[in-house]
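Colleague: Starting from the known structure of chain A, fit chains B, C and D onto it as the hints suggest.
Chains as they are written, first to last, in my numbering: chain A, 1 to 411; chain B, 1 to 411; chain C, 1 to 411; chain D, 1 to 411.
What you were told as hints is all true, and nothing was included just to trick you.
With a cut-off of at most 20 Å between alpha-carbon atoms, the simulated PhoX-like pairs for lysine-lysine come out as follows:
1) 4/D with 313/A
2) 91/B with 109/B
3) 387/D with 323/A
A few chain C positions that, by computed beta-carbon distances, are all more than 10 Å from chain A:
4) 4
5) 25
6) 369
7) 387
8) 399
No lab work stands behind these hints, which were simulated from the structure alone.
Bear in mind that the values here come from a model prediction, so they are computed numbers and not experimental data.
Ideal placement from N, C-alpha and C gives every residue a C-beta, glycine not left out.
Number of protein chains: 4
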Amino acid sequence: MSDKDLIESGDMKIGWVRSHMPVLSIIRENFEREQPLKGHKIAMALHVEAKTAALVEALALGGAEVAITGCNPLSTQDDVSVALNTRDNIKCYAKYDCCSDEYYEAINKVLDMKPDITIDDGADLIFKLHTERTDLLSGLLGGCEETTTGIHRLKAMENDGALKMPVVAVNDAMTKFLFDNRYGTGQSSWDGIMRTTNLLVAGKTVVIGGYGWCGKGASLRASGLGADVIVTEIDPIRALEARMDGHRVMSMTEAAKYGDIFVTTTGNVDILSKKHFEVMKDGAILANSGHFNVEINLEELTAMASSVRTVRKNIKEYNVAGKRINVLADGRLVNLAAGDGHPAEVMDMSFANQALCVKYIAETKLENGVHPVPHDLDMYVAELKLKSMGIEIDKLEPHQTEYMEGWECGT
Amino acid sequence: MSDKDLIESGDMKIGWVRSHMPVLSIIRENFEREQPLKGHKIAMALHVEAKTAALVEALALGGAEVAITGCNPLSTQDDVSVALNTRDNIKCYAKYDCCSDEYYEAINKVLDMKPDITIDDGADLIFKLHTERTDLLSGLLGGCEETTTGIHRLKAMENDGALKMPVVAVNDAMTKFLFDNRYGTGQSSWDGIMRTTNLLVAGKTVVIGGYGWCGKGASLRASGLGADVIVTEIDPIRALEARMDGHRVMSMTEAAKYGDIFVTTTGNVDILSKKHFEVMKDGAILANSGHFNVEINLEELTAMASSVRTVRKNIKEYNVAGKRINVLADGRLVNLAAGDGHPAEVMDMSFANQALCVKYIAETKLENGVHPVPHDLDMYVAELKLKSMGIEIDKLEPHQTEYMEGWECGT
Amino acid sequence: MSDKDLIESGDMKIGWVRSHMPVLSIIRENFEREQPLKGHKIAMALHVEAKTAALVEALALGGAEVAITGCNPLSTQDDVSVALNTRDNIKCYAKYDCCSDEYYEAINKVLDMKPDITIDDGADLIFKLHTERTDLLSGLLGGCEETTTGIHRLKAMENDGALKMPVVAVNDAMTKFLFDNRYGTGQSSWDGIMRTTNLLVAGKTVVIGGYGWCGKGASLRASGLGADVIVTEIDPIRALEARMDGHRVMSMTEAAKYGDIFVTTTGNVDILSKKHFEVMKDGAILANSGHFNVEINLEELTAMASSVRTVRKNIKEYNVAGKRINVLADGRLVNLAAGDGHPAEVMDMSFANQALCVKYIAETKLENGVHPVPHDLDMYVAELKLKSMGIEIDKLEPHQTEYMEGWECGT
Amino acid sequence: MSDKDLIESGDMKIGWVRSHMPVLSIIRENFEREQPLKGHKIAMALHVEAKTAALVEALALGGAEVAITGCNPLSTQDDVSVALNTRDNIKCYAKYDCCSDEYYEAINKVLDMKPDITIDDGADLIFKLHTERTDLLSGLLGGCEETTTGIHRLKAMENDGALKMPVVAVNDAMTKFLFDNRYGTGQSSWDGIMRTTNLLVAGKTVVIGGYGWCGKGASLRASGLGADVIVTEIDPIRALEARMDGHRVMSMTEAAKYGDIFVTTTGNVDILSKKHFEVMKDGAILANSGHFNVEINLEELTAMASSVRTVRKNIKEYNVAGKRINVLADGRLVNLAAGDGHPAEVMDMSFANQALCVKYIAETKLENGVHPVPHDLDMYVAELKLKSMGIEIDKLEPHQTEYMEGWECGT
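So here's chain A without its partners, still in its complex pose (with noise of 0.2 Å):
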């Protein structure tokens, strides 16, 4: 395709998406009248597809300058990113299936801004500010981080004394991840998998790592098309949980002989690996949905295996002593990798979260550490998608609001 091409069909995906988040579209109207990040600069490492550029639209329509990168070398989609290039304040870096040292290289493209905010998605900005360019941490007012995978890495380094900045856990904001990655990720994962195997869902065997709110998701949009599920956990009470939900629940090495298809959601290593792949049935299909390439372990399989071909359009099969196991998007997230990743609609949620808590982190003086997501910015996301929606629900009444605040009524 000829960059006018690619600039032409970048802007309808962008535009088609924008009309699709009422809430992000609010949030930038404000930004373009109030222009609270004029001044500021802002580096991003997320999935450069469509939903993203809205996101950063807004950023620089509120007075930012932006420069962005992927956060995975198979989710960025190239005419977004060059119809990015095209917007006054931002730099686009990110480039479809790019190698490891250009994923790299472009990080630090982006940071050669040196930025005051950061957003990521699985927290490598903040890494790369944390090990080679720690003379950029002195000018950070602070991040956001996206994901569960990017949450829980900052934890480590914030438990480990190690964190050298202020981040808001925007993936912690109920109306961030009750959504984003139960029905984003229940929805976007089965999508990647239908179009990329135009296979039946209904009457399947479908194995699902992790009980966490994407093993939910994907649990339930699971069960919705049909299939018969089984879950494995190493929380005892999310296992109980995906018990009650109807599913079966046992360890992986038991599952692995009974799935036909397997989707991993756990933000853990090798959820998928040598002992699992043995007893695994001819034609098994492997999907990750995590947020890095590390639950299947392709080492492994690619070891075992005396062939490897690939068999459909992002379909590897491996082939294992006779068997065929079939990997999806080389085990990238296949909601992104292998299609166009989270609905509209969720990531409208997500990204106003990350919008007005960037507005935040420019106003506010944080210290260092991990930082929830205001309680009203929240809501106020809350409020506005249901107003997107046309729903109005009930208010407390006064006698209401007091019944709750007292405790002198009883039965």
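Modeller: Chains B, C and D alone, transformed into the frame defined by chain A:
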């Protein structure tokens, strides 16, 4: 029924649930062997039915002297009450359908034992201790509270500086509220409604007041039974969750026009009141699953009604301007007042928490105020439960723990 | 209870369901006005509970003389039976828990009226007419049959050339089996199981024997209540449907090892027998929703058991080699023998078909053999039902009818 | 793409689905060995994508000469078409997005082979044979028809006395319509809608036009994805089913006001037309899953629109009085025109029926008219499918068969 028949019937009911409460059974065996409650006096106000009896037995076998009464006039099962009174070290004062005076008199009798530990479901004992029986406060090591409503009341007291004893918020244990409030209330409310009405749930418009854990459970089961569900909320985030779960969300004033069956689960007053009764359809059915009978304003309904009559056991028909409005179980919690309460398996987890928290109070010097259930107790209950269900789950391998604790691996 | 109390209780029950059977109510009003059954004598053997009573009343008000008995010893509700006997032109002989002799004696008494029309649920009257009471055959205009099992039996008779009267297969009306067998059995079976056991369905492995309309309904509701469902079948197409609906499918010999609760819905014998009891888990619960109590082989179970005792109302525990196997309602249909039967709204449709078919038999000279319900009656019931629910649907416009009847428009 | 690349891509796609069509694979092996189609000429008009190619290969390997073209201008995948043309005894004339003239010219080319057997999806070949190519009718042994719409058209012809050849209604095999129409259309429609829009289904109001098997499948999956579903129908019985399945049911004129996404599945014209467009909400999304592109009246929509533009691949936005109405895939079947069609596993069953029915036509002298698929073929497909899924089911024991055939056992 003769006393002998009552005892036999009560014993049979207790025996049945005991064999379906494996976690509590393990704890009971440990208690019997280790006598951790030796010398303690436990005052209880809980729904006196078979599962509660199993808890009472465990506490008494653990060495305690126990006195118990009901926490709702319509939830007592007399056979269970009579059977409990045949046990050593147990005194039960609960009576079905007692009047308000008898109800509070029984609470006083229970307190007359001079307890050092209390167990409440709705905080009635603690309220009495803080008003009329303040002389007993000094002897108290602490109390346990079973329900969301009670916790709410106690936190209101704490905020007012009025709480003069330590209380463990058993309701807030994950192995309690995620299961009891959701799957327990979900099933038992509909069990109560179905057996009381013999009407079809499928194809009905069901309005659920509130989308907390109880409301989520009631909605989930309503959908599972084929209903078209409308949810009302005051919290915008919960309202969004309800919508994303496929339900319609609107104000109660609007929902009141459409509902065939209404179930309130909010813990607040006047969820259904005059303005709602006015617009309801002929034949509407009203049930409450919240702790107190304040959610449906029966005073207003009675004032509006030209006549009230019983049309089936536990169903009162109010004739309002030619429309029939049917109230189940006088607006008392429908699962207990018109059924047998939560399934034994969820009460197994809830009451395992109660038993462990009583021991915890007996062994620990707690400050005045509301305390969480220690996480290790919560996990212990989950682990025993999984084991009793024959479910084995994964354990983290060392390199997985290391990965989760580290932060240096990225994309 | 005194007879007066019984009558009052029965009248109340009948009144309640009558107000929830709007289609039958319209037919009753028409019958009362038009007297289409004037001079006819109708013998009935149906489950004598409130919904059936509403049908009996409609027939009597339509001019008929009606005699009725039960079609299952455990499904009669005595208060309804007594109340029916207070009506003009109605004689009811059914008694709860009567012995086999009484049961057949009552059938004979009903036939003593020399009916010209019969209504059966399971074909017991017709079987008696073709064996011991063949003298009455010549006086018969025809009969109606309510249930799959009865139709099956009658078609077997027809195939053998043994059927000597016309019978209308009311069960096979779409407004009957699609609703009564599916949504009716689905809900009422689980209502019966839940109220009888007070156990949690969520997280249980439920085994459904058969995936006909009753089995589909029972499975749908089991899933809806949070169970993990296994289906057994002998028909490969139904087995595939069950699998595509997300259930596991296997032989009963295999399923018997995993089930916590078993529900049989096949209409055949020995769905659960010795070889299954042998491998069941301790605590397994067995319920039957099929017409006859032949699906669970209690003779074999009794022979295997070292002891049998009642452990809760309507639950017998068989001790088999140290395992407890719990049988609900002695293997009689659990929704009627341990509950109130199908919800009123589905029986409204089933019994509207019955009433209309009785009229059809009265007005039409039918050949001996099994006849379908005329399609226009079926549609009439559906239309009245929709209307009673306040639902308006689309009508074909003339050019749409034309399109559907044409064949000349293509791609 | 070069032809070599197209062939490679097509071969890869065909290889993938072939390995997921185990029943067709067994039939292909039998065909290859037994050559049942030796000397036969088969003309086909089907959606030319990978699953169809697998059928074409099986027929050619069975000895037939095969010519094929598309049955919808937007459902052809050119790589598959080119790859098919590399096979012996196969000629493929289909081209993606061809104009109407090319479309009908290709149909003529296919018929030029002088077939003795036809396979249609929508009856286009048969219609052409009965209008412009009647000379070929005498040479025909019979045809197979794949879809509800085609059967409808053929029965209309039969009723008019216009059908001059035998046709087997493959659509009406239970192993076809219960699976392909329900689970196939259900999944693939939503796959198409999700990948085309990248919008969230959860929390949307989805309107399904029609509640036949396709509509049931589309509704089931919409609910499973978290939508709030409204169904429109003209048949009162289906309308009641939809309501009992928990959906709202109303006229399309009413539903048009509420829908966020509309999916038509009726086989009729003008399901969505001017009066509906007028009341739709801004942003409404319209998709068709019915066979022909007549269900959404695009002519009326175009006439009402002030502008039409492409806003995303396969999405046209019609600006109607300031509202944006988005039409997917120009109202062509969304699962094929904006996706890869049904999952391989359901087409395995549908096309196994096709292959077996072609053989049946080749071996059987059929009368002119529409014939059912012989029941034993249907059962054979089901049995092979179960076997391929590793599922074993129960067999009737002799005494169970006897019971089912007998009629002398009663209560």
